[in-house]
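The residues making up each chain are set out below.
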Amino acid sequence: MAVSETMTAPTAPSKSRARAADFLIKRHRFRAAEALPWLIAIAAYFVFPDRMTFGSQVLVMIMFALSLDLLLGYAGIVTLGHAAFFGIGAYTVGLGAAKLGWTEPISGLFAAAIISALVGLVTGWFLLRYRGLTLLMLTLATAIMLQEAGNLRSDISGGYDGLPGLTFDPLLGKFDYDLYGHTYYLYALVVLAIVFFIVRRIVYSPFGAALTGIRENVRRMNAIGSPVHRRLVTVYTIAAGIAGIAGALFTQTNAYVTLTVFDFDNSAKVMVMLILGGTGRLYGAFLGAAVYMILEDHLSKMSPTFWQFGIGLLLVLAVLFARRGLMGLIEDAGKVFTRGRQS
Amino acid sequence: MTAALQVESLNRSFGALHVTRDVNLTLERGARRALIGPNGAGKTTLINLITGVLKPSSGRVVLNGDDITATSQAVRARRGLARTFQINQLFRGLTVLENICMAIGERDGENNNLWRPAGAKRSVIDEALDHLEALRLVDDALKLVRELPYGRQRLVEIAIALAQRPRVLLLDEPAAGVPSSESHLILDVVAGLDPDIAVLIIEHDMDVVFRFAKEITVLVQGAVFTQGTPEEIMANAEVRAVYLGEDGHTAARKAGQRGGQHG
Numbered sequence: 019m020a021v022s023e024t025m026t027a028p029t030a031p032s033k034s035r036a037r038a039a040d041f042l043i044k045r046h047r048f049r050a051a052e053a054l055p056w057l058i059a060i061a062a063y064f065v066f067p068d069r070m071t072f073g074s075q076v077l078v079m080i081m082f083a084l085s086l087d088l089l090l091g092y093a094g095i096v097t098l099g100h101a102a103f104f105g106i107g108a109y110t111v112g113l114g115a116a117k118l119g120w121t122e123p124i125s126g127l128f129a130a131a132i133i134s135a136l137v138g139l140v141t142g143w144f145l146l147r148y149r150g151l152t153l154l155m156l157t158l159a160t161a162i163m164l165q166e167a168g169n170l171r172s173d174i175s176g177g178y179d180g181l182p183g184l185t186f187d188p189l190l191g192k193f194d195y196d197l198y199g200h201t202y203y204l205y206a207l208v209v210l211a212i213v214f215f216i217v218r219r220i221v222y223s224p225f226g227a228a229l230t231g232i233r234e235n236v237r238r239m240n241a242i243g244s245p246v247h248r249r250l251v252t253v254y255t256i257a258a259g260i261a262g263i264a265g266a267l268f269t270q271t272n273a274y275v276t277l278t279v280f281d282f283d284n285s286a287k288v289m290v291m292l293i294l295g296g297t298g299r300l301y302g303a304f305l306g307a308a309v310y311m312i313l314e315d316h317l318s319k320m321s322p323t324f325w326q327f328g329i330g331l332l333l334v335l336a337v338l339f340a341r342r343g344l345m346g347l348i349e350d351a352g353k354v355f356t357r358g359r360q361s
Numbered sequence: 019m020t021a022a023l024q025v026e027s028l029n030r031s032f033g034a035l036h037v038t039r040d041v042n043l044t045l046e047r048g049a050r051r052a053l054i055g056p057n058g059a060g061k062t063t064l065i066n067l068i069t070g071v072l073k074p075s076s077g078r079v080v081l082n083g084d085d086i087t088a089t090s091q092a093v094r095a096r097r098g099l100a101r102t103f104q105i106n107q108l109f110r111g112l113t114v115l116e117n118i119c120m121a122i123g124e125r126d127g128e129n130n131n132l133w134r135p136a137g138a139k140r141s142v143i144d145e146a147l148d149h150l151e152a153l154r155l156v157d158d159a160l161k162l163v164r165e166l167p168y169g170r171q172r173l174v175e176i177a178i179a180l181a182q183r184p185r186v187l188l189l190d191e192p193a194a195g196v197p198s199s200e201s202h203l204i205l206d207v208v209a210g211l212d213p214d215i216a217v218l219i220i221e222h223d224m225d226v227v228f229r230f231a232k233e234i235t236v237l238v239q240g241a242v243f244t245q246g247t248p249e250e251i252m253a254n255a256e257v258r259a260v261y262l263g264e265d266g267h268t269a270a271r272k273a274g275q276r277g278g279q280h281g
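Chains as they are written, first to last, in the working numbering: chain A, 19 to 361; chain B, 19 to 281.
Just so you know, not all the hints are guaranteed correct.
As the list claims (entries may be wrong) - Straight line, CA to CA, 20 Å or less: simulated DMTMM-like cross-link-like pairs of lysine to aspartate or glutamate:
id: 1; chain 1: A; residue 1: Lys-33; chain 2: B; residue 2: Glu-145
id: 2; chain 1: A; residue 1: Lys-44; chain 2: B; residue 2: Asp-144
id: 3; chain 1: B; residue 1: Lys-139; chain 2: A; residue 2: Asp-40
id: 4; chain 1: A; residue 1: Lys-33; chain 2: B; residue 2: Glu-151
id: 5; chain 1: B; residue 1: Lys-139; chain 2: B; residue 2: Glu-151
id: 6; chain 1: B; residue 1: Lys-161; chain 2: A; residue 2: Asp-40
id: 7; chain 1: B; residue 1: Lys-161; chain 2: A; residue 2: Asp-350
id: 8; chain 1: A; residue 1: Lys-353; chain 2: B; residue 2: Glu-145
If you're looking for bench data, these hints aren't it; they were derived computationally from the structure. Quick caveat: nothing in here was measured; it's all calculated off a predicted structure.
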């Protein structure tokens, strides 16, 4: 009988104890495979020197998806208005350059992060009392309201025509913008690496564990004394700040910005990327954003009108056969591989 | 000495439905009290009122001498009030070990830390493993909760509450849903709880109640019908009618009318 088995199983308690402790102690350490996406990104710089503008856009979307992963993948916050913060970041540096002459790019990123985070703090404070469908609608409404506010004052925002022809100072006073976007690709890659390091720290911290607890069971979190609302507002603020940096990079690399950054499309797209890549896995954002963007790029050249069919098909396949996203598939493959080697 | 938990004239209505009527209840330090009553007597509602899931319409809840009626559920938990749920409320997608670390982290404020790796604080992990060892769960430490059989999950439910280092522990049918062949595992844990913790247990199995409890409170239709030692309760003809009568519902209703008059 199952009971007596578990009762009498004398599998050296100290051994399983040590193994269990080991799991938590080593979990946050960097693994060799984690170097792979970065090596690919650096290789891309040398292999596709004429596609660096596109490459920068991929890096921007990876960062945007990474910020959403904190919310959706770790804390379980479902939002359809994450583009609000991307847009605020994009307009912070856009308006800064167009109206205030603030053309220094790196300080622009900081400004974008701070302003987006502040808006995240204030809206999150109100919205995160709600969950599920209510929260979905409220986040969606936030992004639409910001977009409409920009539309009402199109004298400032430039409306849907946008703020064109923005110019930014050379990076660190030395590296100027070049026609092929080489400088900005490396710039975006460095910023992404820094942001990723921070996100990774957070995810493996006790706070990150508490976020997964909220995702898994809010009632239990309340029962063990977790300040759930405060934790949610904290992660929402951080994710908003990171989305703001992504938006700011978007404006800087494109040298223009229009109100379409606030589009529902943008919020939905980043969610599709993340789900495609796999939520709650950090690298799902990398894989999902890259695959989506590359596919979109190829398909839209093949068929400018029907390219979304291909994306849709991929999503259906992912939902049917890879519920945990592409990263889930890779993890499964990895397990099969290691099992094969052991036996 | 102040009581560990004191409930004073607690009332709660949902619209016209008066589910908790003027309940008074005291748990001394180290108390072993059972809360019994027929289905729908409002036992779980009372637990929800004590823990702060629900706000009372009137009355007070006092924990270790402090009035906590106005505080949130989380604040009560951090002050030493822990509970288990009638239906498991676990972090199903996480390992058993992580489930326990979660409770320790929230208790100590560790979970406010955004930067230090969770695995870097050895004392949290060691304490979590101690809790698991005490409940013979160490071998399952790295399994996901959802992979465990239900009976083992019930043990994790208790382990989380104990990891909060509570002074008052409310157990809502700890062996519910567990096959009788396994329920002794859980009841042994309940019987072996730290004698300093004040325990209130909701339980339907009268053998368990009489074995475990030193005092019993009988709740009928939201009101305290009677309280007393197991011997007194066993000897009480009306309680026997509620529980052992052929027609439990009629007996309960009769008893409820009487209880209402008393209360």
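Verification of the hints:
1. A:Lys-33 with B:Glu-145: This hinted pair holds, its Cα atoms lying about 16 Å apart.
2. A:Lys-44 with B:Asp-144: 15 Å, holds
3. B:Lys-139 with A:Asp-40: 12 Å, holds
4. A:Lys-33 with B:Glu-151: 12 Å, holds
5. B:Lys-139 with B:Glu-151: 19 Å, holds
6. B:Lys-161 with A:Asp-40: 14 Å, holds
7. B:Lys-161 with A:Asp-350: Distance of about 17 Å is within 20 Å: holds.
8. A:Lys-353 with B:Glu-145: Given that 20 Å is the threshold and the Cα spacing comes to 31 Å, the pair is violated.
The structure shown violates just one earlier hint, number 8.
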